[in-house]
Amino acid sequence: MVDLKSNFLGIESPNPFWLASAPPTDKETNVVRAFEAGWGGVVWKTLGEDPHIVNVNGPRYGAIYSSDRKLIGLNNIELITDRPLQTNLDEIKRVKRDWPDRAMVVSLMVPCEESNWKNIVRQVEDTGADGLELNFGCPHGMSERGMGAAVGQVPEYIEMVTAWCKQYSSLPVIVKLTPNITDIRLPARAAHNAGADAVSLINTISSIISVNLDTMSPEPSIDGWGSHGGYCGPAVKPIAMNMVAEIARDTATSNLPISAIGGITTWRDAAEFMSLGAQNVQVCTAAMTYGFKIIDELTSGLSGWMESAGYNKLDEFIGRATPNVKDWQNLNLNYIAKAKINQDLCISCGRCHVVCEDTSHQAITSTVNGSRRFEVIDEECVGCNLCVSVCPVDNCITMEQQSSGIDARTGKPINPNYENWTTHPNNPSSSS
Amino acid sequence: MQSELIQKLSTDLHEPLSKHEALVESDRCYFCHDAPCVTACPTGIDIPLFIRQINTDNPHGSAKTIFDENIFGGMCARVCPTETLCEQVCVRNTSEERPVKIGELQRYATDTLMQTGNQPYKRAADTNMRVAVVGAGPAGLSCAHRLALKGHSVTVFEALPKPGGLNEYGIAAYKTVDDFAQREVDYILSIGGIEVLHDQALGEHFTLASLKSDYSAVFIATGLGNVNDIGMNVSELKQVENAVDFIARLRQTQNKNELSVGRRVVVIGGGMTAIDAAVQSRLLGAEDVSVVYRRSQGDMNASQYEQELAQTNGVLIKTQLQPKRIVSEAGVVQGVEFEYTQLKDNALSGTGETIIMPCDSVLIAIGQSLAEQVLQNALTLESNRIKVDEHQRSSDDQIWAGGDCASNGEDLTVAAVQAGKLAAESIHQTLSR
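Sequence order for the protein chains is A and B.
In terms of the working numbering, the first sequence opens at residue 170 and continues consecutively.
In terms of the working numbering, the second sequence opens at residue 1110 and continues consecutively.
Looking at chain A on its own, in the form it has when it is part of the complex (with noise of 0.2 angstroms):
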């Protein structure tokens, strides 16, 4: 019987999804629709300090779409919550008092004096909510005033502002990193070393959405200016799973809790972030784009597929992939894979080929005895996959291991044993 209860440093939450700090998460009424929906917690939209922050009165998100308006990503140049703090206090402790099984956690960000933080973090703590996000990464706007993204991006601010929360509040802290920093395992460190609880990630990635070309102003489109935004959405997830392994595999941080955002739309999301080592996933634009009620799509497909797998609780599978994340020079060079296009499923659409004729390896015929006919020429295919990645067909092109035998491009035979770059003799640096 699948279990997809969560306990996420010890806050427990009926599902690993919350929704992230954000707009769907800015209100009482909003937040109350996603419990009914059935979502396992929020982080509240991020608390500042009073006077509250004003946002634009304009549009505040732009996106990109595939040709049928699917939106691919999303970008906005929204502020923290522009509601008075009291307001949202009040309101986080209405909520967590009637929805006692949800997680309840709470995002902050006010300037970097100590008293700041102490402050604030005492007044959550009266709300009985179950623990803190510190939002370093949010990249516009805030920024501009020295908080957001522009702590994220300095390593010792981070421990710093960690070590005061930690200090004044027995709340678990969750570190919130920003991705536009060149390596992110140094903020994660930081925030390890400071004693965070845990770090999310990611936030948005400074972006422009798209330019106006009648009126060459950016969007979204403010008067006739635009500014740089928070870039989410589906085109993000690549970059956030792979922070996500980043830290997941750092022995420095290896055991710092990890909740995933960045794009997780479908519960297949989830479970690679997860497997990558994630503890729980945070969604924000795919409820803005669907409604809350994809939530249901999210738990029966993720407690369908550990079914079909044998997991029965969140913990067997969390992390699973990571020890296969590795760096490039331990992958195994004798590994040998050659395309193979089956040709019962080929519809000769040619792209196979023409990709491969034009910036790859010349390995795919488009005729074969003066028919229109794709095959792979085991000579010269390198193996690339950007066949398979191109072809317009499920499983048309797969990749077959080569494991014995002799590799046809080489002409020499297939060597069973593991070998890499670091013992490979035109490595300078070989150590064989």
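Careful, some of the hints might be misleading.
As the list claims (entries may be wrong) - With a cut-off of at most 20 angstroms between alpha-carbon atoms, the simulated SDA-like pairs for lysine to any residue come out as follows:
1) Lys1347(B) <-> Met1466(B)
2) Lys462(A) <-> Asn199(A)
3) Lys265(A) <-> Leu254(A)
4) Lys1231(B) <-> His1169(B)
5) Lys239(A) <-> Pro561(A)
6) Lys239(A) <-> Arg1161(B)
7) Lys1453(B) <-> Gln1406(B)
8) Lys581(A) <-> Thr592(A)
9) Lys1128(B) <-> Tyr234(A)
10) Lys1128(B) <-> Ser236(A)
11) Lys1496(B) <-> Met1466(B)
12) Lys196(A) <-> Leu254(A)
13) Lys1284(B) <-> Ser1119(B)
14) Lys239(A) <-> Arg1137(B)
15) Lys1128(B) <-> Arg238(A)
16) Lys239(A) <-> Leu1132(B)
17) Lys1128(B) <-> Leu240(A)
18) Lys239(A) <-> Ser1127(B)
19) Lys239(A) <-> His1129(B)
20) Lys1128(B) <-> Leu382(A)
21) Lys287(A) <-> Gln336(A)
22) Lys1433(B) <-> Glu1396(B)
23) Lys1128(B) <-> Ile233(A)
24) Lys1231(B) <-> Asp1295(B)
25) Lys239(A) <-> Val1133(B)
26) Lys239(A) <-> Asn1164(B)
27) Lys1128(B) <-> Asp237(A)
28) Lys1433(B) <-> Ile1339(B)
29) Lys1128(B) <-> Glu1213(B)
Unchecked claim - Label pairs and their computed distance ranges (CB to CB):
30) Asp1143(B) <-> Thr351(A): 43 to 53 angstroms
31) Lys1128(B) <-> Asp527(A): 23 to 33 angstroms
32) Asn564(A) <-> Gln1291(B): 51 to 61 angstroms
33) His1129(B) <-> Thr351(A): 34 to 44 angstroms
Just so you know, these hints were derived from the structure itself, not from any lab.
All C-beta atoms in this analysis are idealised placements derived from N, C-alpha and C, irrespective of residue type, glycine included.
Based on the hints, put chain B in the right spot on chain A.
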């Protein structure tokens, strides 16, 4: 009911694609390498490219890609039997039995550019060469446009009062609503350098010899001026009409309410014209309309799509029946007597058994043939059409021919456009020497 049907006559069979629909549909194109659809297109339009241009919101560039190969891309988008050409070989058929809607996308692109009124072409500098084109149909105007593009001056001699050929006179009204045929001709002529003279019939107002002496080159695109003889004496019966004349009358009548149509109509023939005439008759209010063909349904020249369209519109298709005689009383048609046919040793023959199909109107659509008398034996013929080589050149090296009147004609608009284009290229090459 009557007005509803007439409304349908002047309404697009398919609503044109909206921009969103065009974006979604164009996204289905795989941008195939050496795409089969291009090979299947008689004019060789770079279909994957024009579809990609639609998908990137560049419909004007897309239209130019189409017009580069087919200046009648707008009409062809409406009348091409795409199900037996580009769309038949779309690789999407293999994966899901649903090709990309190439024809409808082509219409989206060409309509979008034509609505601006702007031609994507500018004429080359005047060459001071004059070319005569006989016939202002798809072949003739395709040739004229390409020649004008290259700087030649073209005079088009047209026997009828309007240009367009079968686009204007021979295609069902619902395929070309809102006077599209004339708008398209105007658009094509807007390149300049083309003069169209009307009511100028070959053999009547001028001869091939006079054209040869007055012009550097001649392109003949008269189409097929004669209607095949059905071998029954029908001329004295008012209710018996050639289908091409019926369609022309219908197309040229402004107020469709003035058109009369029989209550029970029999259309004899199995091609596109038979289908067009039958469907139009239904839409004009005929109660019973039958298309009667002497061979099997699979042998019909009308595409399966057209046959199904007719059947959907309540037309009955009857096959293996050949006409014997029109049954009439006091000069009024009562029906048509048909004889059942069979295929024996690859030859069609009557079985002797007959049937009378009662009707009050008969439309004959058994094909047209070349009015060869106007050529005055000046050119070599092949299978009763003007013999041409792969450059559309006739036996006279100053004369080219294309479209339905030429030996490689396919009775297809798109094939005629290609023939005109090829002839223009060949004429240009010859004149440039």
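So, going through the hints one by one against the coordinates:
| no. | hint | verdict |
| --- | --- | --- |
| 1 | Lys1347(B) <-> Met1466(B) | holds, 18 angstroms |
| 2 | Lys462(A) <-> Asn199(A) | holds, 13 angstroms |
| 3 | Lys265(A) <-> Leu254(A) | holds, 17 angstroms |
| 4 | Lys1231(B) <-> His1169(B) | holds, 15 angstroms |
| 5 | Lys239(A) <-> Pro561(A) | holds, 18 angstroms |
| 6 | Lys239(A) <-> Arg1161(B) | holds, 18 angstroms |
| 7 | Lys1453(B) <-> Gln1406(B) | holds, 17 angstroms |
| 8 | Lys581(A) <-> Thr592(A) | holds, 18 angstroms |
| 9 | Lys1128(B) <-> Tyr234(A) | holds, 15 angstroms |
| 10 | Lys1128(B) <-> Ser236(A) | holds, 11 angstroms |
| 11 | Lys1496(B) <-> Met1466(B) | violated, 40 angstroms |
| 12 | Lys196(A) <-> Leu254(A) | holds, 12 angstroms |
| 13 | Lys1284(B) <-> Ser1119(B) | holds, 9 angstroms |
| 14 | Lys239(A) <-> Arg1137(B) | holds, 14 angstroms |
| 15 | Lys1128(B) <-> Arg238(A) | holds, 12 angstroms |
| 16 | Lys239(A) <-> Leu1132(B) | holds, 12 angstroms |
| 17 | Lys1128(B) <-> Leu240(A) | holds, 18 angstroms |
| 18 | Lys239(A) <-> Ser1127(B) | holds, 17 angstroms |
| 19 | Lys239(A) <-> His1129(B) | holds, 12 angstroms |
| 20 | Lys1128(B) <-> Leu382(A) | holds, 19 angstroms |
| 21 | Lys287(A) <-> Gln336(A) | holds, 8 angstroms |
| 22 | Lys1433(B) <-> Glu1396(B) | violated, 24 angstroms |
| 23 | Lys1128(B) <-> Ile233(A) | holds, 17 angstroms |
| 24 | Lys1231(B) <-> Asp1295(B) | holds, 16 angstroms |
| 25 | Lys239(A) <-> Val1133(B) | holds, 11 angstroms |
| 26 | Lys239(A) <-> Asn1164(B) | holds, 14 angstroms |
| 27 | Lys1128(B) <-> Asp237(A) | holds, 11 angstroms |
| 28 | Lys1433(B) <-> Ile1339(B) | holds, 10 angstroms |
| 29 | Lys1128(B) <-> Glu1213(B) | holds, 12 angstroms |
| 30 | Asp1143(B) <-> Thr351(A): 43 to 53 angstroms | holds, 44 angstroms |
| 31 | Lys1128(B) <-> Asp527(A): 23 to 33 angstroms | holds, 31 angstroms |
| 32 | Asn564(A) <-> Gln1291(B): 51 to 61 angstroms | holds, 52 angstroms |
| 33 | His1129(B) <-> Thr351(A): 34 to 44 angstroms | holds, 41 angstroms |
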